[in-house]
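Start from the sequences and build out the full structure, keeping to the hints where you can.
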Amino acid sequence: KAGVTQTPRYLIKTRGQQVTLSCSPISGHRSVSWYQQTPGQGLQFLFEYFSETQRNKGNFPGRFSGRQFSNSRSEMNVSTLELGDSALYLCASSFQTLSEQFFGPGTRLTVL
Amino acid sequence: SQQGEEDPQALSIQEGENATMNCSYKTSINNLQWYRQNSGRGLVHLILIRSNEREKHSGRLRVTLDTSKKSSSLLITASRAADTASYFCATVPLSEGQNFVFGPGTRLSVLP
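Residue numbers (the working numbering), protein chains in the order written: chain A, 302 to 413; chain B, 44 to 155.
Calculated directly from the structure, the hints in this document are not laboratory data.
These figures come from a predicted structure and were not determined experimentally.
Idealized CB from N, CA, C, for every residue including glycine.
Just to be clear, a hint being listed does not mean it is correct.
[Claimed, not checked] Here are some chain B residues pointing at chain A (derived, C-beta under 7 angstroms): (1) Ala53; (2) Ser82; (3) Arg84; (4) Gly85; (5) Leu86; (6) Ile92; (7) Asn95; (8) Val135; (9) Gly140; (10) Asn142; (11) Phe145.
[Claimed, not checked] Covered stretches of chain A, going by a simulated chain B footprint (3 or more residues, C-beta under 8 angstroms): (12) 322-330; (13) 369-383.
[Unchecked claim] Here are a few chain A residues that sit away from chain B, every Cβ distance over 12 angstroms (derived from the structure): (14) Pro309; (15) Arg316; (16) Gly317; (17) Gly363; (18) Leu389.
Structure follows, in structure tokens:
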């Protein structure tokens with residue numbers, strides 16, 4: 302089976318712009334979670350989607366949003382980018398919510 | 044301390060030695076998982092231990108779980124230079140609708 306893929310791998314944006322990141326889970330996985338990883342804050346949970354429904358959301362401002370499509374692919378969007386949004390954004394999929402997660406390689410976002 | 048907090052923060056050992064990392068957490072869990080991350084890349088699942096298990100082995104990995112102390116340890120035996128990475132524990136909640144919580148990680152350096 303193909304692993305979790307994320308596109309793009311690298312992205313450079315300027316403050317105030319918006320960005321959309323994409324994640325394709327492992328075939329058959331219906332749960333997709335998103336994380337933000339920074340050196341200062343570590344891995345922080347953004348949100349989880351299961352069968353197109355947002356099941357859980359982390360403590361992030363409303364500028365961060367996401368969605369999941371019927372084929373389980375997921376996107377996350379960040380509007381009005383701030384310098385502090387520079388991070389590695391990781392997507393993870395799992396067959397069941399409480400089971401092991403399979404991570405993609407991440408999207409490295411740099412906000413200038 | 045935060046949920047899923049590892050110690051030490053950094054560990055440096057010689058090839059062939061054993062490496063032990065600890066994880067403490069606060070709330071009741073369904074299971075606890077350990078992940079490895081090579082620099083700037085996605086996380087790789089290593090092992091999952093359920094709340095009713097006390098010890099689990101996988102190759103050179105040994106994980107213990109003490110739910111009374113709310114702690115877990117990861118032992119890597121006969122370490123290799125390729126084990127150099129960051130190791131994270133993730134606590135998995137009792138029910139769906141709650142998110143994984145990752146600790147800040149232990150940075151392991153195995154010197155040849």
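Now for the hints, and whether the structure bears them out:
1. Because the smallest distance between the Cβ of Ala53 of chain B and any Cβ of chain A comes to about 13 angstroms, over 7 angstroms, the interface hint for this residue is violated.
2. Because the smallest distance between the Cβ of Ser82 of chain B and any Cβ of chain A comes to about 11 angstroms, over 7 angstroms, the interface hint for this residue is violated.
3. Given hint, Arg84 of chain B at the interface with chain A, holds; its Cβ is 6 angstroms from that chain's nearest Cβ, closer than 7 angstroms.
4. About 4 angstroms separates the beta-carbon of Gly85 of chain B from the nearest beta-carbon of chain A, less than 7 angstroms, and the hint is met.
5. Because the smallest distance between the Cβ of Leu86 of chain B and any Cβ of chain A comes to about 4 angstroms, under 7 angstroms, the interface hint for this residue holds.
6. Look at Ile92 of chain B: its Cβ only gets to about 11 angstroms from chain A, farther than 7 angstroms, so that hint breaks.
7. Annotation: Asn95 of chain B was flagged as interfacial toward chain A, and the flag is violated, the nearest CB pair being 14 angstroms apart, outside 7 angstroms.
8. At a threshold of 7 angstroms, the smallest CB-CB gap from Val135 of chain B to chain A is about 5 angstroms, leaving the interface hint in force.
9. The beta carbon of Gly140 of chain B is positioned within 7 angstroms of a beta carbon in chain A (closest approach about 6 angstroms), and the interface hint is therefore held.
10. Evaluation of the Asn142 of chain B hint against chain A yields a held restraint, the C-beta minimum of about 4 angstroms falling below 7 angstroms.
11. With a least beta-carbon distance of about 4 angstroms to chain A, the hint placing Phe145 of chain B at the interface is held under the 7 angstroms criterion.
12. Beta-carbon proximity to chain B at under 8 angstroms applies to 0 residues in the segment 322-330 of chain A; the threshold of 3 is not reached and the given coverage is violated.
13. Residues of the segment 369-383 of chain A with a Cβ under 8 angstroms from some Cβ of chain B number 0, which does not satisfy the need for three, so the listed coverage is violated.
14. Under the 12 angstroms C-beta cut-off, the non-interface status given to Pro309 of chain A relative to chain B holds; the minimum distance is some 15 angstroms.
15. Every CB of chain B lies more than 12 angstroms from the CB of Arg316 of chain A, the least distance being 23 angstroms, so the non-interface label holds.
16. Interface exclusion of Gly317 of chain A from chain B stands, the closest Cβ pair being 26 angstroms apart, more than 12 angstroms.
17. With a cut of 12 angstroms on Cβ distances, Gly363 of chain A stays outside the contact zone with chain B, its closest approach being about 18 angstroms.
18. Against the 12 angstroms criterion, Leu389 of chain A falls within the reach of chain B, whose nearest CB is about 7 angstroms from its own CB.
When each numbered hint is compared with the structure, violations occur for hints 1, 2, 6, 7, 12, 13, 18.
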